[in-house]
Amino acid sequence: MEPLHNKRHLTQSPLFHFLVLELICVLLMVSDKNQSIAQPLRNGLSYLAYPLIKTLEWPQQFFQSAQLALSRQNSLIQENTALKQQLIDAQLRVQQNTTLKAENQRLRTLLKAAQESPLSISMAFVTNLNMSEKKQHIIINQGSNAGVFVGQAVIGLEGVIGQVDIVSAHNAHVILITDTAHAIPVESLRTGIRTLAYGHQDAVILNEIPVSADVREGDVLVTSGFGNRFPRGLKVAQLTHLTMTENRMFQSATALPFVNFERLTEVFLVWPNNTPHNSDIAIATES
Amino acid sequence: MTKSTFRKQTTFFHFSFICALMMMLLPWGKVVILIQPYWLALVVAYWSLQGQANIMNWAFFYGLMLDVLMGSLLGKHGMSLVALSFLIAKSAKQLRITSFWQLMMMVLALLLNDLIIRAMIDWISYQYLPRAIDLLPIISAAFIWPWLKYGLDRYQLKIRNG
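Respectively, the protein sequence lines represent chains A and B.
With the first letter of the first sequence counted as 1, position 247 gets the number 246 in numbering that gives the first Met the number 0; the numbers rise by one all the way through.
With the first letter of the second sequence counted as 1, position 46 gets the number 45 in numbering that gives the first Met the number 0; the numbers rise by one all the way through.
Some clues are possibly wrong.
Cross-link-like lysine-lysine pairs, in silico, DSSO-like; alpha carbons within 30 Å at most [said to hold, decoys possible]:
hint, chain 1, residue 1, chain 2, residue 2
1, A, Lys-111, A, Lys-234
2, A, Lys-134, B, Lys-29
3, B, Lys-29, A, Lys-234
4, A, Lys-53, B, Lys-148
5, A, Lys-133, B, Lys-157
6, B, Lys-29, A, Lys-133
7, B, Lys-29, A, Lys-53
None of these hints come from the bench; they were simulated from the model.
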């Protein structure tokens with residue numbers, strides 16, 4: 000039985016307890032904007048969440064390896080032939096590229112332009128867990144333990160995927176270029192006109208093309224390298240639809256990304272050239 | 000309550016939370032994810048109704064875990080779950096003796112309140128505009144809640160009776 004006269008201290012009442020917890024939540028939300036405060040907390044908690052993620056991933060991995068073990072030899076041979084064909088195609092293209100590269104380098108030396116350094120990338124796998132809500136996120140299986148940082152560019156074989164948005168110790172959330180909160184500086188491959196591409200549902204939209212600019216449907220958009228987030232010249236999207244804005248100040252265009260975000264299994268993290276990541280360090284110590 | 004019953008009950012308490020987290024993480028299809036209930040809130044509601052000690056702290060903790068897993072603003076789920084837990088725990092005695100339907104209506108109303116808190120946080124943090132399909136988890140929660148309560152009640156009784 001509770002006493003009729005509640006003589007408990009104010010600090011012991013549930014209301015006080017509730018208010019304290021809510022205050023902590025508000026403080027956490029505010030401090031989440033500040034990397035240096037929220038990041039250690041996120042990392043710490045993600046160590047607790049790690050076994051949970053592993054438990055859920057295990058049946059999937061088990062299913063995959065079982066599928067591999069049980070798949071018929073016939074289908075494996077077919078897959079092998081298809082892959083060989085792809086390899087031949089790729090090798091032919093590489094041969095062509097070597098001459099182009101040499102030519103490009105010669106021209107750049109003639110023009111005394113800065114040499115473009117090759118991308119340094121590493122691979123990460125996409126986790127098949129429902130770990131995002133409302134935002135267009137994919138989750139990769141590398142986090143701050145592997146050196147992944149917020150704002151790091153993520154690309155796929157077909158083109159740009161997005162950039163790292165939230166990092167925990169073992170995982171990272173990658174925001175897609177089609178998310179409404181994302182914008183990417185692009186340029187048209189044909190004319191070199193530069194603008195910004197904002198995410199919009201399944202596509203990106205370009206709202207600020209000058210009326211006089213030469214753009215056509217079918218133009219390929221590549222990253223312009225402005226803002227130093229994405230290296231220059233990566234394929235982003237293809238223009239599909241072109242209209243005039245209501246006030247007739249700009250043209251606006253819709254473009255479809257080259258990457259199929261539905262069926263991503265592996266992605267590539269782009270590392271800035273001045274900060275070597277783990278594999279670079281390993282190579283450096285070897286030499 | 001003997002010591003071993005107490006220990007069993009605590010294990011069961013945490014086990015139910017971990018199961019709820021797992022249900023939320025499972026990669027269902029796109030449609031199922033839209034209508035899937037907010038499992039963690041249902042479990043928090045159940046244990047608050049039971050008058051579990053320290054339920055507010057645990058709601059806060061598991062809310063934070065969900066924030067880290069979902070990559071959302073730190074403290075977002077914590078805030079809404081603590082509010083849910085406080086409101087239910089405050090009137091738990093009255094709620095426990097009300098009819099089945101009244102209790103369910105109350106739980107659904109509080110889940111709506113929880114949804115509104117989260118939508119407001121999203122709106123403040125990145126101008127998220129709520130859509131009508133965000134209400135679907137509440138409808139599916141109406142179908143899940145009676146079974147969840149029945150199942151958890153049954154198991155608790157089993158623990159208590161040894």
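The hints, checked one at a time:
1. A:Lys-111 x A:Lys-234: 26 Å, holds
2. A:Lys-134 x B:Lys-29: Cα-Cα ~14 Å, so holds.
3. B:Lys-29 x A:Lys-234: Holds: B:Lys-29 and A:Lys-234 sit about 28 Å apart, inside 30 Å.
4. A:Lys-53 x B:Lys-148: 29 Å, holds
5. A:Lys-133 x B:Lys-157: Judged against 30 Å, a Cα distance of about 40 Å means the pair is violated.
6. B:Lys-29 x A:Lys-133: Roughly 12 Å between the alpha carbons, so the hint for B:Lys-29 and A:Lys-133 holds.
7. B:Lys-29 x A:Lys-53: 22 Å, holds
Checked against the numbered hints given earlier, this structure breaks only hint 5.
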